[in-house]
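If you're matching them up, the sequences are chains A and B in order.
Just so you know, we're using this note's numbering here: the first sequence kicks off at 1 and counts up by one.
Just so you know, we're using this note's numbering here: the second sequence kicks off at 1 and counts up by one.
Don't take each hint at face value.
Unchecked claim - BS3-like, lysine-lysine: derived pairs with alpha carbons at most 27 Å apart: (1) K235/A / K228/B; (2) K281/B / K253/B; (3) K162/A / K49/B; (4) K221/B / K232/A; (5) K253/B / K218/A; (6) K281/B / K232/A; (7) K253/B / K228/A; (8) K311/B / K281/B; (9) K235/A / K281/B; (10) K228/A / K218/A.
Said to hold, decoys possible - Taking beta-carbon pairs under 8 Å as the criterion, some of the chain B residues facing chain A (in silico): (11) N251; (12) Y276; (13) A369.
Said to hold, decoys possible - The following residues of chain A were derived to be distant from chain B, with all beta-carbon distances above 12 Å: (14) D69; (15) P101; (16) A105; (17) Q184.
These aren't lab readings, by the way, just hints derived from the structure by calculation.
In this text, a Cβ means the ideal position worked out from N, Cα and C, and glycines have one as well.
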Amino acid sequence: MRKIVLFTSVFVLIALSIMTFYINNTTIDTSSEKVAQMPQDLTRVLYWGTRGEDVKRVQWTLLKWGYYDGRVDGIYGARTYRAVRRFQRKNGLAVDGVVGPNTAAAMGLSFGQRNTTAARGVNRNDNVYLLARAIYGEARGEPYIGQVAVGAVILNRVQNPKFPNSIASVVYQPGAFTAVSDGQINLSPDDTALRAARDALNGWDPTYGCLYYWNPAKARSPWIWTRKVVLKIGKHWFGI
Amino acid sequence: MENNRWILPIVLAVALVFAGVWGYNEYQQKNDYKVMLNNEYQRLFYDMKDNIENVQVSLSKALLSKSREQNVVLLSQIWQQSMEAQEKLSQLPIRHKDLSKTQKFLNQVGDYAFALLQEHLDGKSLSSKQRQSLFQLQDYTAYLSKELTNIHNKLMTGKLNFNAVRRREDKELDKTNEKMLDADLTKFEEKISNNYPELIYDGPFADQVLKVKPRGLGKGKVNANQAKEIASNFIGSKKTRKITSFEEGQNMKAADIQSYTFSIAPENEEKERAIYISVSKTGGKVVWMVNPRPVNNPKISVKEAEKNAKKFLDEKGYKNMEPNYSLKYDGIALFNFAYKEDDVTVYADNIKVKVALDNGEIVGFDAAAYLKSHYDRDIPEPKITEEEAREKVRDGFNIENIRLAMIPLEGIKEVLCYEFKGKYKGADFIIYINALNGEEEKILKVIRNENGTLMI
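Excised from the complex, chain A in its bound form (with noise of 0.2 Å):
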């Protein structure tokens, strides 16, 4: 029996020292080629609050195959983020509740740009979806206000000289926002980011065009302090 969880353990590490080595080189194929010939079904990255002709298409598919029990209405509500999420689960995916290349290829969905012409190729939902995140990364835990608060401070960014000059320059700009230096602005946003940033982007600005925002209880450099401190919303104050 000893013998037996013996040799059993040395196998189990063996193997894993081995895997450690080629995991690093196993790339997961996502066969671009396949994608490219099959009838385009989706042209766009799916989520939360997303609607249309292709979030029935997903919501069809997955109340056939058991993991949706809502009405096909085209609508990416709560219902069909957590189908996606079982999915997700179930088929070994990244479960983030996303519909991407990957998702939707395990849907038997394929997922590619159609043409564009000059009419089209303008969605600015990307955008919406990127402040979202950096939103819900930074701010889920406040009050609404404070959440489109911080997506303002963004837009207001965008439009001074003393920063960069576009949404994700502004987001990704290093050592800008702790949510994006340690990675939580990779979670999904949950529907209230996302309105909070459309609010934000239709223009509301709860901050009255602050640049800056800290929380009292975590801001680490006294700089900050010198700011012009204007409005306190939830647990950050604002200022210019």
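With chain A's structure known, arrange chain B on it following the hints.
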């Protein structure tokens, strides 16, 4: 039994080997990432240094050249190169506090060059004041590139690497920043605009744009209690129960609109979330109001919602507002209303109203843009006729609608334009022709989908 006492040591030895292998592997990986990251930073640094040197060279050439055409090329190089330098600088792992002035400097050099470029295209050439400012800009750029050379030398001799910078040990850029701080572009910018008002530079990053004061607030201060009353009247005092003020900092003065901010708990607090509202300290105007309640069963049409929104604005004393575009999301319709004076639509004075599509309630109101920009304008008479303007539009553009509008340009300038809405090769566009001189000022592309309209 004899064999058994070897089991533990063997397992431990294998575990140790495994841990060692694993650790070494991790270490290797970490080093790979570090080298990769450092290489990336080095590349950014070299590129940025080149960009800044190019800016300086182009500046000196632009100062020498007498040809306008040549200057147009040089100014566009300055604009492009300084914007690129700015973008790369923002990706380097240096604290924001250490580079904000440098970043502002680069942004403004680019912005200024772009403004001058447009003046050149309008047929003007450099004035002596502008030349003087370009000389100064050139000096700062030269200083900046000298500092960058110092940093470069340190990088070469291994005294500095970007991982050290990441650990925040840099002093060199601090110095550059301080120099920038002394010789701030702001002062010098103000000097230009004070002495030669016709040369005020029109760019989104110009300081006069950043410092613009709200013009539509009206007169008279209100105190916190009056503001509370204004707030509860605005949402209908029946619905309010508890009004809480947000805590203000010492520098509310720095806000773009100084305001009291309240959260109002509605009567059935369990069901509904708080409503947020802001009342300006000057004039006592409601700046924005948001009721972030979820909307579940959209019933009413966007048309009906628009009526509600219009009625709401009329009641609140915002007459002459005209709906421009709408967006539908999360069971809410958002309308953008612009102020209309006689027949001229003034886009800068806009108010956004959000209507819940379940019961038609107003769940959002944002007049910040209106309050910042609204004033009694002297709208000029058009100098060219609609027919003349129509001739300036490309043949084949299918005009569906024409009207007059004041449109905001870069910076804070506004111009009176004929607005031509229409289609070109299946896509929707809006073309603006200056109603005073017939120049084509702007083209907007209209993107429609089932949820609304977007203009870029």
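How the hints compare with the structure:
no. : hint            : in the structure
1   : K235/A / K228/B : holds, 23 Å
2   : K281/B / K253/B : holds, 10 Å
3   : K162/A / K49/B  : holds, 19 Å
4   : K221/B / K232/A : holds, 22 Å
5   : K253/B / K218/A : holds, 26 Å
6   : K281/B / K232/A : holds, 17 Å
7   : K253/B / K228/A : holds, 9 Å
8   : K311/B / K281/B : holds, 26 Å
9   : K235/A / K281/B : holds, 24 Å
10  : K228/A / K218/A : holds, 18 Å
11  : N251            : holds, 4 Å
12  : Y276            : holds, 5 Å
13  : A369            : holds, 7 Å
14  : D69             : holds, 19 Å
15  : P101            : holds, 23 Å
16  : A105            : holds, 26 Å
17  : Q184            : holds, 19 Å
Of the numbered hints stated above, none is contradicted by the structure.
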